[in-house]
Amino acid sequence: MQTKAQLLKQARTQVTELSPAELARDGTSPVLLDVREKQETDAGMLPGARHVPRGFLELRIEEAVADRNADVVLYCAGGTRSLLAARTLQEMGYTRVRSLTGGYGAWKDGGFPVEVPPRLTEAQRSRYSRHLLIPEVGEAGQAKLLAAKVLLVGAGGLGSPSALYLAAAGVGRLGLIDDDVVDASNLQRQIIHSNDRVGMAKTESARKTIVGLNPDVRVDEHRLRLNHDNALQLFEPYDLIVDGSDNFGTRYLVNDACTILRKPQVHGSIFRFDGQATTFVPGGPCYRCLFPEPPPPELAPSCQEAGVLGALPGIIGVIQAIEALKLILGAGEPLAGRLLLYDALEQRFREVKYAKDPACPACGSTPMRELLAEYTEASCAVAPRRGAVT
Amino acid sequence: MSITVKIPAPLRPLTANQSEVVVEGATVQAAVDELSRKFPGLKERLLDEKGALRRYVNLFRNDEDIRGGAGLATALAAGDRLTIVPAIAGGR
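Just so you know, the protein sequences line up as chains A and B, in that order. Numbering-wise, the first sequence is residues 1 to 390 according to our numbering. Numbering-wise, the second sequence is residues 1 to 92 according to our numbering.
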C-alpha cells in the first residue's frame, strides 16, 4: 500500500516535469492536454490545448492523441493530477509524456497566455448537444458556427434546404438575397416557404421560418437582385457564400465577386433529375475554370422551363449546407477541385476532378482586379432581365 | 474498343432518352464522332464549328477532365467511361 505522498514521489521519478517558463520556451510545440474537469476549463485553457478530463483519460486518450510517440505535456490546476495522469499514459504505452509543475494556476500567474473557451448557454448546450458530442465540432466548433456569417444567394429550391439546415446547426448570421415573392408553384420544392405565405417576399417568408426554428440565428433580408453594382458590397460582411441561384449570369457574378474578395463559395445546381455540387476555395480552381463560358440561352432552360423533381434540390442544397458547415469548422475535405454529380433516376453519385486553368480570366495567372462583364444574354431565367436575378 | 458514354439529362432528348450508350473509339474524338453518327444533333452540342469542345461542356475520361490530358486526342481504353458534364444553372 502506498500513501499519497509515496505515490506522488514515485511518479516524480518516472515522469519528467517542466515549469511554465520551460514550456513557454519549448520550441517543439508539444501536444497540450488539459486533464481538468469541465467546470475548471470553462475559466480558461492553455492556447491550443486539448481537453480530456482525467476521469475519462484512458477511454478518450486514443481519440485525442493517436500517436503513442507524440510529445505530450499534461496539465491540471496545480500539477498533481497531471503527474498521476502522465503515469497512466506511460502505462498505456505513451513514450514522451511530461507534466506541467504548478499546472494552469502557475502558468496563468506567470503571465503566460490563456484562452477562454467561448461559453454556450445552458439552452444552447441542450439545443446543440448532438454537435457537442462530435470531436470535430464540440463547444469550440459550435461557437465558431454561432459566430459565422453565411450569405445565401437565392431563397428558393437550393436555398430552402441549405438555409434550414444552416439555421438548425446554429450558424449565427444568415444573409438571404432574393427579390422574388412566394408563388404556389414554388411549394413543390421550396420547403422553407408555406401555403399561407404565397405573395410574401421570399426573404421575409424564409426569415419567419428560420426564426421559428432557431432564435439564435440573425437573418439579414436582402430583398433585391444581385448585380454588378451591389455584389461586392453585399458579399463583404460574410465569411462564405452559398450559391443557390438559377441562372448563369448570377453564377458567374457570384464567382467573380468571391474571387476578388477571396471568399469560399459553395456551388449547387439542378436540372430535372440531375444535380451538381462543388466548392470553390480561394487559391483553387473557380467556376470559370470549370465552365469557362455559359451555354447560349436556348440551351440553358431554367427550372421554370425544364422542370425539376421537387426532392432533388433537397439533396443538393443539403450537400451545400454540409460543405458550408465543414468550411466554418475547418473539418474534413471540401469538394474543392471535385465536382459531385448526382443522378436521381439512377440514384447514383459520381465524382469528377477539375483543375485550375492558368489562363482563367478570374483566378488565373493574371487575376482580375474588378468584376468581369456580366452575361446578361446567357441568363436562363424565363425573361432575362438586365442584371442578374436570384 | 467499347467505351460507355454517360449522357446527362439535358442531352437525353437526342439519345432517345438513353442515359448510357456504348460506342467504339480509340480516342475521345473517335468516340464523339461515332456518337454523332448514331445520334444526329449531339455533335453540335458538344463541339463548336471549329471542332473544339464547347466551353460550357466538359468531358471526363473516367474521373479525369480531358482538358488536363490531351483534349479530344486523349486515348481511350476498353471499358473506359466517358462522362459528359454540361453546365447547368438551375437552383430555384
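Treat the hints as calculated values from the structure; they're not laboratory data. Note that the Cβ used here is the ideal one computed from N, Cα and C, for glycine as well. Treat each hint with caution, since some may be false.
Stated by the list, open to error - If you want the footprint, here are the derived chain A segments under chain B, 3+ residues with CB under 8 Å:
hint, segment
1, 124-137
2, 150-157
3, 335-344
Could you check the structure against the hints above and give me the numbers of any it violates, in ascending order? 1
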